[in-house]
Structure formats: C-alpha cells, structure tokens
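Please build the complete structure, drawing on both the sequences and the hints.
Letter by letter, the chains look like this.
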Amino acid sequence: MHPGRIFLRGARALVWLAAHRVPLSRRDRFMREWEGELTNESDVESGWRLLVAALGAFADARALRTVNGMKGGTMGDWIQEFVNDVRVALRGMKRSPGFTVTAVATLALGLGGSAALYSLLDRVVIQPLPYPQPERLVRLSNQVPGVGPNEVWAMSTAQWAFLTDEATTLESMGLYRGRGGNVMTAAGPQRVRSVAVTASMMDLLGMRASVGRLISPDDDTPAAPMVGLISHGFWQRVLGGDPGVVGTTLVYNDRPVEIIGVVDRGVELPGWPVDMAPEMWIPLRIDRGGTFHNNHVFPSIARMADGATPASVEEELRGLTDRLPDVFPQAYGRRFIDGYGFRTQAIPLKESVLGDLASTLWILFGGVGLVLLIACTNVANLFLVRMEGRRQELALRGALGANRTTLGRYVIAEGLTLALLGALVAVALAYWAVPALTVLAPAELPRVQGASLSVNAVVVTFLLALAGGLALAAYPLFTHVRRGGGLLESTRSTTASRGRQRLRGALVVSQVALALTLVVGAGLLVQSLSALRSADAGIEAEGVLAVDLYLSRARHEGDSDVWSAYRDILNRVRAIPGVASAGMSEELPVSGGFGCTVQGFEDETVYDVVKEQGGTTCAGQEATSPGYFEAMGIPVLEGRGFTDQDLDDPTRATVVVSKAFADRFWPGRSPLGQGVGPGGNTEGPFYHVIGVVGDVARATSEGEAPLSQPAMAIYYPIQHNPEETWNQGWWPGAVSLVVKSDLSDPSSLFPAIRQAVAQVDPEIPLTNLTDMEAVVAEASSRLAFVSLLLAIAAGTALLLAAVGLYGVISYVVSRRTREIGMRMAVGAQPGDVQRMVVGGAMSLVALGVVMGTLLSLASSRIVAGLLVGVEPTSPAAYAAAAGLLTLVAVTASWIPARRAARIDPLEALRAE
Amino acid sequence: MTSKHGGTDPSLSYNGAVVLQALSQGHRYGFEIMRAAHLPSGTVYPLLRRLEASGLVASRWEGAADARREGRPPRRYYEATPEGVTALAEARERVMAQQALFGHLSPASEG
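One line per chain: the protein sequences are A and B, in this order. In terms of this note's numbering, the first sequence opens at residue 1 and continues consecutively. In terms of this note's numbering, the second sequence opens at residue 1 and continues consecutively.
These are calculated hints, taken from the structure and not from any lab test. If you're wondering where the values come from, they're calculated on a predicted model, not measured in any experiment. All residues carry an ideal CB built from backbone N, CA and C; glycine is no exception. Please note: incorrect hints may appear among the correct ones.
[Stated by the list, open to error] Which residues of chain A face chain B? A few of them, derived with a C-beta cut under 8 Å, are:
(1) ALA13
(2) LEU17
(3) GLY56
(4) ALA59
(5) ASP60
(6) ALA63
In structure tokens:
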C-alpha cells in the first residue's frame with residue numbers, strides 16, 4: 001500500500017475516535033470538517049505531519065464542547081453516544097442477517113412465552129379483584145376436621161345473624177346462594193341462573209344498577225314483597241331491553257316477583273365463570289326472628305373492619321363460635337362444636353377464588369422462564385462466536401485508543417440491541433398468543449377469560465430483555481474488552497483459547513440440563529393426564545346424553561305426583577327409537593360433588609365399626625330412578641337395581657348402596673337387607689338395601705386431583721327425596737335425565753326428548769344438554785391445559801437445545817478442520833472422525849443429563865401438586881426424558897460429524 | 001461571551017493574532033495555517049473554533065465542484081471578519097510596540 005494512504009487511514013481513525021467526544025448533533029459536521037483537512041500526502045514526512053495534525057481533532061472536539069457550553073461526559077451526552085453505538089450495531093446486524101434472524105427469533109420465542117404467561121398471571125393473580133377495597137374482602141367458611149381432614153362447609157344463616165351483630169372485626173358480611181329458577185315468558189318456560197343474596201352483598205360487590213335501584217335492607221326481610229334485579233343480558237335477551245321493565249312483575253318459580261332494577265354490566269360473583277353470571281338477583285330474606293338450622297349451604301364474603309387481618313378475624317370468630325350452642329341450642333350442640341373441632345376461617349377472597357390456580361400459573365411461568373434461559377444461552381453462544389470473529393476489529397479499536405468504556409459501551413449496545421429486537425418480536429407474538437391461550441383454557445379457570453396482552457407484561461418483557469442483553473454482553477465484556485483485546489491475541493486463530501471452549505461447553509451442558517428438567521416435568525404431567533383419562537370413572541360414558549329438567553312445585557304437589565310425572569317422562573323417552581335405556585338422578589357422576597350427608601343405621605354394630613375406623617357416617621346421598629344405573633353403565637354387583645314397582649309403593653322403602661359404602665359400613669358382610677336412615681335418622685322407618693353397585697368418580701374439591709376418589713354413595717328412590725325437608729328453598733329440585741343411545745350421534749335425539757317431556761308437562765324447561773364423554777373430558781381439562789402448555793415449552797426447549805448443540809459442534813468442527821484433515825491424512829477413517837465428533841458432543845450431553853436429573857429431582861416437589869397417579873420421581877419419566885434428549889442430541893451432532901467425516905485432507909491442510 | 005474565549009476582548013492572545021495574521025495572508029484552512037504559523041494542530045483547531053464563536057472569524061464550505069476537481073473532500077475555509085480585521089490591526093500595533101520595546105533591549109534580535 002502507498003505509504004501516504006496508510007497515514008491518511010491512521011489520521012482518519014484518529015478523527016473518528018475524536019468524533020466520539022463530540023455531541024452527536026454536531027458529529028457529522030465535525031467529521032466533514034476534518035475530512036476536508038486530511039489531504040492525501042504522498043511522502044512519508046508530510047504523512048507524519050498529517051497524522052500529527054489529526055491528533056488536533058481531540059483538542060478541537062474539546063474546544064467544540066466548551067464553545068457550545070457543553071460539559072463533557074454528561075448523562076445526556078453518554079446516551080447520545082450510546083444511541084449512536086446502537087445505530088452502528090444495527091448496521092452490523094444488517095450485514096449478517098443469518099446471525100440476526102436466528103438470534104432474534106430465539107430470543108423472541110423465550111421472551112414471547114414469558115410475556116404471554118405473564119399476561120395471564122397479571123390478569124388472574126396480580127390484578128386485584130374487581131370489587132371495592134378488594135384487599136379487605138375475605139371468604140368465611142368452616143373447617144370441620146371431625147368430619148374429614150379436608151371438610152370445609154359454607155356458612156349458615158345462624159352464623160350470619162349472629163356474626164353481623166357481634167363481630168367487631170367484620171364491617172359487613174354477606175351470604176349468597178346460587179340457584180336456578182323457572183320463569184314464564186312470552187316465549188315459553190325459561191330457566192334462569194339466579195342468586196339469592198343478603199342486601200349487604202350489593203355494597204360488598206360494589207354493584208350498580210343501570211336502571212332502577214338495588215336490593216335494600218328493607219327488601220331483605222321475610223315480610224317484604226318479593227323483588228328482584230335482572231342482569232343486563234337477561235333484560236336484553238329475554239325481555240327485549242324493555243325500558244319500562246322496572247315495576248313490572250315476573251313469575252319466578254310460580255311466585256310473582258317485582259323487578260326493581262337492572263344490574264350494570266361487568267358485575268361478577270367471586271369465583272363464578274363469566275359465562276355463568278347470574279341473570280337474576282333476589283333477596284335471601286332471612287328471618288332474624290325465626291328458627292335457625294345447622295344449614296351450611298351459603299357461601300359468604302365479608303369486608304374486614306379497618307385494621308383487621310384474617311388472623312384477627314379468625315381469632316375473634318373462635319370466641320364467638322364457642323357461644324353458638326348457647327345462642328342457637330336447636331342448631332348447634334356443644335358436642336358438635338367441640339367434638340368436631342368446628343371453627344370458622346377467613347381466607348383472603350382472592351386466594352379463595354384462585355385456589356391452586358395461582359401456583360399452577362407460576363409453575364407454567366417457571367417453565368417458560370426455563371425456555372427463556374435456554375434461548376439466552378443459545379444466543380449467548382451465537383454472540384460469543386460472533387464476537388470471536390470480531391476480535392481483530394475490537395483489538396484494532398483498542399490499539400487506536402478507544403478506551404475500555406467506549407469498547408464496553410459498544411459491546412453492551414450490541415447485546416441490548418439484539419435483546420430489544422427480540423423483545424419487540426416477542427411482544428407481537430404474545431399479543432397474538434394470549435387470546436389463543438384463553439381460548440384453550442378451560443372455562444372453569446377463574447378470571448382467565450378475556451385476558452389480553454397486559455401493559456405490565458410488556459414492561460416485564462422489556463426488563464427481561466434488558467437483563468438478557470446485559471448478560472449477553474457480559475462475557476465478551478470481561479474477556480475481550482477487559483484485557484484490552486490485545487492485538488497479539490487476535491492472531492491466534494487455530495488454538496482457540498481453552499477458556500472460551502470451556503464456556504461454550506458449559507453453555508451446552510446447562511441447556512441440556514434445563515431442557516431435561518422441562519421434558520421431565522411435561523412427561524410427568526402427560527403421564528398424569530393419561531392416567532386420569534383412563535381412570536375408571538365407574539361409568540360407560542359412550543353414547544350417554546344428560547339433560548337437566550325441573551318440575552314446577554305448584555303443578556306437581558306431593559311425592560306420588562312427582563314420581564308419576566317422572567315415570568311418564570321416562571316411559572315416553574324409552575319409547576323413542578334409538579334410546580337403549582333412560583333414568584334420572586339428582587347429580588351426575590364426575591361433575592357432581594355428591595356432598596356428604598349423615599346416614600343412620602338400623603344395626604347398631606355399624607357404629608362400632610365406624611368408631612374403630614374413625615370418621616363419620618356421612619356419604620353422598622343421591623335420589624335415583626329405575627333405569628339410571630343401566631343408562632349410566634354403572635354395574636350392579638350384588639342384588640338388583642330399582643324397579644318401577646319399588647317406587648310405585650313408597651312403603652317398600654328400598655335403597656341401593658355403592659361398593660365403597662358397603663365395604664365401609666358392613667365389612668365382610670352382605671349389605672342386602674340392612675336398614676339405613678337418610679339424614680342420620682336412627683329412629684326408622686329404615687330403607688332396606690336391595691343392591692350394591694360399582695363406585696363412580698365424583699367431582700373433587702379444591703386441591704384434590706379430579707377423578708381420584710370414588711364416591712361413597714347411597715342411592716335413594718327418586719320419588720321420595722329425603723333431602724326435601726332440608727331444602728325448602730330448593731324446590732323444584734333439579735334432576736338429570738340420563739339417556740343411553742346406540743345411535744352414532746346421540747344428540748340427534750334431543751328434539752324427540754324435548755317433545756316427550758312436553759307431552760307430560762309443557763312448562764318443564766330443559767337445560768344443560770351435555771354428553772357424559774364431554775363431562776369426563778372436562779374433569780381433566782385443567783390438567784390437559786397445563787400439560788399442553790408445558791409440553792409446548794418442553795418441545796421448544798428441546799428444539800433450542802438441539803440448535804444450540806448443533807451450532808457449537810458445527811463451530812468446533814470448523815475450527816478443527818485442519819486437525820481433522822491431518823488425522824485423515826495419517827489414516828483416520830470417516831467413521832473414526834464421526835465417532836470422535838459425536839463422542840465429544842455426548843460427553844457434554846451426558847454431563848447435562850446428570851445435572852438436569854438433579855435439577856428435576858430438586859424441582860419435582862413444585863409440580864407434585866398437579867400430578868395424579870404418578871410419583872414426581874417416576875423413573876419412567878426420567879428415563880424417557882433422558883433418552884429423548886440423548887436421541888435429539890445425537891441427531892444434532894451427527895450432522896456436523898458427517899460433514900467432518902467428508903473433509904478432504906488436502907483441502908483442509910491447504911486452507912490455513 | 002466570556003473574556004476567556006476572546007470575544008471583543010482587546011487582549012487577543014498571541015496565538016489568536018498569529019492565526020488571524022495567517023488568514024489575512026491568504027491561508028484558508030486549518031492544515032495550511034498550522035504549517036504557515038508553525039503552531040501545533042492542538043492549538044490551531046481549537047483557536048479557529050473560539051475565534052469563530054467570538055465573531056472574529058467566519059467560515060464557509062468550499063464548493064463541492066471545486067473540491068471534486070482536486071479529487072478530495074470539500075474543505076471548510078476560514079476568513080477574518082471586519083471585526084477580526086480590526087482586532088488583528090490592534091493586535092499588530094501591540095505586537096509592533098512590543099517588538100520595538102524588545103528591539104531596544106536586545107538589538108541583536110533585529111536581524
């Protein structure tokens with residue numbers, strides 16, 4: 001090169017460096033001014049002079065700052081410099097699109113997943129409930145350890161009457177109870193979702209009326225005329241949005257109810273799915289002067305007094321509960337309160353609404369976080385390789401006087417630019433993914449529906465990206481920049497430094513370990529899901545339809561009339577072509593809770609058995625019709641099921657029990673002929689056991705794995721609902737009509753069923769048409785949702801780990817081309833080379849698998865709560881995960897290994 | 001406008017005067033002035049900035065066509081403003097007076 005050009009280049013480099021001390025707004029002009037000064041000098045002497053002149057650029061830059069009244073090194077200045085670095089970094093990325101696209105896409109996957117999950121977390125867990133002063137709201141309920149370890153009862157009217165008068169830690173307390181009602185409309189009988197509430201609920205939920213007024217305490221007394229609020233949806237859908245609706249009367253459960261207002265949209269009952277929101281609100285009208293029962297059927301929420309805490313509320317309620325037997329001797333015996341350990345608990349409302357959903361979402365967020373970590377290690381690897389290729393550039397900059405701060409700032413700018421680009425793509429991904437997630441999510445998940453990408457999630461994503469970007473820059477920063485990127489070092493290309501090699505190895509090992517953890521977690525969940533799906537619900541769900549129907553009390557008085565209506569319906573339905581069998585039951589298996597109702601026994605020795613085993617005599621008590629066991633596919637194990645004759649004559653008093661029931665109360669004996677009293681009746685007359693049927697799965701309470709527990713059930717004949725005396729407010733009782741069909745599309749029977757019911761009574765509404773297969777699938781829907789998300793996360797992790805391993809092995813192979821060529825030149829076979837490369841990769845993978853196994857074991861307790869029928873340390877899951885990962889790793893390293901085996905020794909040796 | 005950086009301050013620095021003098025002799029850009037005045041680059045360039053900021057010197061870009069003809073980037077040309085010419089005249093008088101003074105003390109320097 002012409003010596004003059006060398007000097008010119010040096011001078012330009014100096015000016016370029018000096019320009020970095022000039023504020024950005026003036027930098028371009030500064031550079032142009034100096035360009036004009038630097039003329040191409042032909043001889044060495046004037047060349048030197050040019051170089052010396054260029055040194056003046058630094059003094060000039062300083063002068064420029066002082067003349068313009070700018071101090072050097074201000075924050076603003078620094079940011080301007082930084083922005084410029086970002087611009088340079090962007091230009092650099094544009095020049096290597098392969099690297100940029102891979103890195104940004106990888107980061108976007110990790111960050112996008114985090115953003116989507118965080119949006120859900122934010123909406124469901126972090127955002128406060130939509131009620132006034134939500135932090136002061138608690139749910140009150142009763143623990144009854146004497147009945148069962150997880151036994152939780154709702155509140156009673158007696159407790160409400162007592163606590164609203166006495167408890168000072170509670171500012172306000174409300175009861176509610178969801179029920180259904182029949183409403184006669186112009187379009188025929190309609191079933192409405194209604195809720196009976198105390199007037200205090202209006203204020204507790206922050207309800208507003210868009211038309212008319214809310215329920216006042218004056219409405220909420222037994223003497224007051226019946227009034228009701230309707231929902232906006234009901235008003236529009238059923239009443240056509242009639243503006244004069246307030247003051248009109250609706251016939252609700254055969255009684256006139258005056259409509260006093262329309263509830264504003266967006267009012268939710270805590271824990272109720274949005275699509276199940278009440279359509280009608282009526283006052284509970286509890287009679288404070290009347291007799292109270294031990295009727296724990298009312299969910300309750302309360303607002304704590306200023307300064308009270310759930311603990312202080314529980315403390316006060318302990319003392320008050322102790323007084324219940326004195327105040328309500330007819331409802332609460334001293335033996336019950338003390339003997340059963342009855343106590344009232346106050347749980348923050350949000351905690352109670354979310355149940356274990358919060359922890360489930362955090363687990364998923366953790367899974368996505370692992371994917372993000374893997375993505376970051378992948379990009380770190382790419383970044384490292386890229387920086388390696390640019391060591392000469394960095395070294396040159398250092399030699400030209402760029403100080404560590406400048407170089408460091410530049411490297412950080414590159415890392416951050418990459419991460420922020422990733423974050424932008426991630427936000428776009430999440431914007432699309434969050435609504436998709438809410439569609440996939442089972443409807444029973446509270447607060448999930450309607451979630452969208454939240455602002456907080458965007459902020460979190462960018463914070464994560466910021467951290468990720470700094471982490472990316474950290475390694476080059478501490479190696480290349482700190483050492484000043486010596487020029488000497490940059491010439492050593494064949495022997496890449498051991499440290500960097502080790503770091504790359506460590507990155508691969510950690511990727512494999514993290515991916516294994518996710519694959520193990522996903523594997524355990526999928527195993528649980530399949531266990532759950534194949535779990536014997538005790539029924540044959542195929543081809544079984546169920547539909548709810550409600551008899552009007554006014555039109556069907558008395559047991560015999562109810563039974564004759566039911567029998568009539570059943571006979572007409574059975575006559576429909578395609579119907580194999582039909583029956584009725586109060587609750588469906590799997591979706592029904594069955595409850596636990598105390599049973600009395602004719603044979604007193606049963607009580608000795610119970611005493612010996614512990615617990616109580618309560619069991620799920622169901623009212624069932626003939627044909628039900630057959631239609632539902634519940635096997636009769638001993639004796640027989642109900643016949644019409646059993647029900648036609650109520651004095652026959654027959655009853656059927658489940659196997660679990662028989663095993664518990666009459667171990668080693670035949671239960672046939674034994675006498676049982678519903679509701680704990682020990683006086684008689686008793687119902688005598690005519691048959692034993694198989695156990696069925698029941699719906700479970702919070703925290704229990706669904707389908708995991710067979711119900712201990714006792715089936716009473718439907719004509720005589722033993723619960724009726726307890727459930728005055730519940731009439732008409734809901735029953736599910738269950739139809740077994742041998743048609744390929746059972747739901748095509750529905751019109752015929754509707755017609756058959758209408759022939760018996762045209763005022764019976766039919767609702768909740770469903771098929772049992774859907775009911776069974778729904779029971780595992782939450783686990784299916786979590787499994788799906790975790791499986792996606794694990795799949796992504798696996799893919800990223802494979803890409804990471806592939807990248808590293810490819811890089812190693814390319815760096816060792818010469819060495820491999822040499823080996824082949826002296827006789828190594830392609831197979832040897834392949835084995836060498838794959839073997840090298842496998843030692844990393846093996847280490848990763850070991851570490852991942854340890855990590856999984858350590859974190860298995862976190863997912864343990866979600867598992868059903870699988871131990872969190874299931875060797876099968878671990879072995880499968882390790883096998884899968886190894887397989888993927890072998891494939892990923894085999895491709896570069898094959899390339900290595902094809903190296904032409906002559907080419908390779910010539911290349912360097 | 002602070003006295004430190006010149007302005008209408010009558011006490012134009014010696015180097016400032018030298019740069020103005022070089023400009024008045026027809027040297028038009030930094031590198032040229034550096035060579036003519038035998039001043040280091042670290043002095044000349046900041047001085048030009050300050051003189052311009054205090055209005056004694058004005059600058060303009062060389063025409064792009066002219067620069068292209070010579071096969072180099074356009075230069076920034078400087079020239080003294082009327083105020084600069086006045087300031088230079090004052091400075092020159094001062095320097096002359098000082099030289100006269102030094103001449104009396106040390107005749108040998110006048111050769």
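Status of the hints after comparison with the structure:
| no. | hint | verdict |
| --- | --- | --- |
| 1 | ALA13 | violated, 16 Å |
| 2 | LEU17 | violated, 15 Å |
| 3 | GLY56 | holds, 3 Å |
| 4 | ALA59 | holds, 4 Å |
| 5 | ASP60 | holds, 4 Å |
| 6 | ALA63 | holds, 3 Å |
When each numbered hint is compared with the structure, violations occur for hints 1, 2.
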